[in-house]
Amino acid sequence: MAAGIKDKVAILGMGCSKFGERWDAGPEELMVEAYLEAMQDAGIEPTQIDAAWFSTHIDEVGTGKGGTPLSLALRLPNIAVTRVENFCAGGSEALRGAVYAVASGAADIALALGVEKLKDTGYGGLPTGSMGTLNPQWSPSGSAPGNFAQLASAYRAKHGVSKEDLKRAIAHVSVKSHANGAKNPKAHLRNAVTEEQVMNAPMIAEPLGLFDCCGVSDGAAAAIVTTPEIAKALGKKDIVTVKAMQLAVSNGLESQHNSWDGSYFHTARIAAKKAYMEAGIQKPREEVSMMEVHDCFSITELVTMEDLFISPEGRAVHDVMDGFYDADGKVPCQIDGGLKCFGHPIGASGLRMAYEMYLQLQGRAGERQLKNPRIGLTHNLGGAPSSNVCSVTIIGAHGA
Amino acid sequence: MAQQSIGLTGFGGYIPRLRLQRKSIAQANAWVAPNFLGKGKGERSMANWDEDAITMAVEAARDLLGPDDDRSYVDALYFGSTTMAFKDRLNAGIIAAALTLEETVRAVDVASTQRAGTTALMQALSAVKAGEAKHALVLASDHRKTRAVSAQELDFGDGAAAVSVGTENVIAKYLGGASLTVDFVDHFRGDTEEFDYNWEERWIRDEGFTKIVPRAVKAALANAGVKPEEIKHFVLPCIFGDKFVQQLAKKSGIAPETARDTLAANCGETGAAHSLVMLVHTLQKEAKPGDKIVLLHFAGGCDAMVFEATDKLASQAGKRGIAGSLANRQEETNYMKFLTFNGLVEWEKGMRAEQDKKTALSTLYRNEAMIMGLVGGRCTETGVIQFPRSRISVNPNNHTVDTQEPYKFAEKKAKILSWSADFLSFSMNPPNHYGMVVFDEGGRIMMDFTDVEQGTVDSGMEVRLVFRIKDFDEKRGFRRYFWKAVPIASANAKSKTGQAAE
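Protein sequence lines correspond, in order, to chains A and B. For the first sequence, our numbering assigns the number 1406 to the initial residue and increments by one for each residue that follows. For the second sequence, our numbering assigns the number 3 to the initial residue and increments by one for each residue that follows.
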């Protein structure tokens, strides 16, 4: 295996716009908001940025194709801007591009920025994208909740969990995230909810009710990365470095081969194993301090707890109900409120997750601050359970 | 040399499982048409939103053909309907693709008359008699659109029937027939019109049926060398009631009690399919070896054919046919749903329905076996079965290259692995059910479910695959077809998990 990325790249600064129904802002304003915060945090001038990676998913309703939207909005000094798109994992993909550029020595300082303007479609939920010319002729014309909801039926069948028990466990996933999001001024949804509220909400896609689905929001997030040496030279203390960045992509096994039972993410398990190896983590349940996972739907988060090898297989329901992932639990998950409360401006979400881990590692998370976290994990997923891309990123204190 | 016997060699049937209660129609419309309250009895078959004449014909044909992969023996296909999905695109060609028939099949659309079903059958008989076809498939299917508050919406039903014509294992010998062609316009549907225009019923009954049908019967019996009193089954679609059909039999010299059930009470008249629908029903429920049958369809004159059932009739005992289809019923009391399914209501479908459904025809053609025939691949080295077929195998242990032979999924046993009932995405019949279907022999497909009620689905449930409309492209008048899964809601069909070993 390759030597990997561990500690080769440091995060110099990060920024995140207020997420929400930003009727006041177009993609340009969102990008600028995240960028200016990141630049102030990094303490550098625009001319010091060597290259940028730009993530946005739906060009039809968002910002348009190519690298120009970012360069235009930020008035970048004619540097390389690469647009990346990898379903809902694009934000992590942008970060990966910037990190790899620095690690390779091609850039001293690189910018990663993700943005999505979803609330100009005219309706709730994610817009329906095009899928080429063949897929629409045979694939179900379903929705994201309908695809992810299927995890529940397969998980129940596999582990013998009753409908009611699973419904309550995924309700708790959302209750926990809402409790966290209520403390986050940048979150879209800032209200605490109860399990009863979640369980009695209108059905979206069985068994997922309204509160089992993440919000739909506008937002942007950005990271500026460099080498630990440059970060030190720029006077940075409490340096946060990248420990691992792994991406696993479906090759058709889940959707075409009967070895997959539909109850878990095949890619997440592969990406997690590789990431732990890259980061030198032996016992994730003990070593990971906190996580931001891709809780597009409550059931996604629940099964992901097993896919990341934090909960033993078939035990996520119990860990969730025991409060293991609550803010005061052993491995707090979605401490910023998650996709659940931030919503999911697709191109931005991966970077938003990293933003919270970064703040926590630097002790700057305010009311949400956890006690002495050392290792933070982000899990950013795109696609559907039967065919997806899954990114696992681990960041931590330099030397941790 | 003894004269070769030509006749029917098999049958199949399909009536959509939804049965709209006529009481629901009559009551909803009583404010404007109290005269229909008296007709508010019984039920009519009602196609699901994703069914049309083509999909119903495919179902009837599958019933006839059975689950065998090899259908290469079918060398002719005659499709009769007045509600063809396309005015110019061979509708029988779509059916042939769905049934994975050989490209050498002679596929013919017979249209523009309620006689289309019987005329299709006559053409098949002629082709076999002439030696130009050995195994001809005859399909008749209709899904007629009716105006709200019309007598037709009460009288009509949707359905299809299939018979095969050949010279071996004949279940009903063809003895002879006749066609009378009379431009008697009891109704018509103009070139640009969606609905029938009808003339007065009394005139149709007295000047049409009463005068034309007996002449056709007489001509057919003469050609067949059969005396009227030999006829045991008088099969004639007619909406004027059983008593009137009995009178017509009697007027033709045939015993009135031979008049067969028009299925008015529990199905409705299925248009061009109805003579064959009634014939199949008669063969299933009434006919015995040696019985002579006269099959009639009145329209623009009258087709008449005489058959004699043989002792091979018992070979069809396992068929669903019409009797089985009628037994598989789901009561529907929502008249609004009927109007909506039939495009008679402008309803707010929501923004998610705005997505363009333009079909890339070149893509469709390139993947025709996959999309129309549900043909995937089977690796000749490892045996792994997959959908879609691909150059590099999906087998995680051995990604063999160019080893896959075509593999037909449509008739294979399958179960639900995962599913959801989705209220978010657009559906003509929400919630939108879909999920992963795994096949007992291997392979899986994420697919739409249909003919499904909310709250009845779970993992492990068996499904049956059906050929249905996938999407309507209203902008261009095109419709896409693909296969869907119908959950079989029986307790013993359920296993703990849908996962199959591979």
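Everything labelled a hint here was simulated from the structure, so no lab data went into it. Check the hints yourself; a few may be wrong.
[As the list claims (entries may be wrong)] Quick list of the computed label-pair ranges, beta carbon to beta carbon:
no.	chain 1	residue 1	chain 2	residue 2	range
1	A	N1596	B	K89	39 to 47 Å
2	B	W201	A	K1568	56 to 64 Å
3	B	Y367	A	E1718	42 to 50 Å
4	B	A153	A	N1596	20 to 28 Å
5	A	V1466	B	E348	20 to 28 Å
6	B	K360	A	D1513	20 to 28 Å
7	A	G1529	B	V34	37 to 45 Å
8	A	G1527	B	G192	34 to 42 Å
9	B	E413	A	S1664	33 to 41 Å
10	A	L1477	B	S392	37 to 45 Å
11	A	V1466	B	D185	28 to 36 Å
For each residue, glycine too, the CB sits at the ideal point set by N, CA and C.
So, going through the hints one by one against the coordinates:
{"no.": "1", "hint": "N1596/A - K89/B: 39 to 47 Å", "result": "56 Å, violated"}
{"no.": "2", "hint": "W201/B - K1568/A: 56 to 64 Å", "result": "58 Å, holds"}
{"no.": "3", "hint": "Y367/B - E1718/A: 42 to 50 Å", "result": "45 Å, holds"}
{"no.": "4", "hint": "A153/B - N1596/A: 20 to 28 Å", "result": "57 Å, violated"}
{"no.": "5", "hint": "V1466/A - E348/B: 20 to 28 Å", "result": "27 Å, holds"}
{"no.": "6", "hint": "K360/B - D1513/A: 20 to 28 Å", "result": "48 Å, violated"}
{"no.": "7", "hint": "G1529/A - V34/B: 37 to 45 Å", "result": "38 Å, holds"}
{"no.": "8", "hint": "G1527/A - G192/B: 34 to 42 Å", "result": "40 Å, holds"}
{"no.": "9", "hint": "E413/B - S1664/A: 33 to 41 Å", "result": "24 Å, violated"}
{"no.": "10", "hint": "L1477/A - S392/B: 37 to 45 Å", "result": "41 Å, holds"}
{"no.": "11", "hint": "V1466/A - D185/B: 28 to 36 Å", "result": "58 Å, violated"}
The structure does not agree with the numbered hints 1, 4, 6, 9 and 11 stated previously, though it agrees with the rest.
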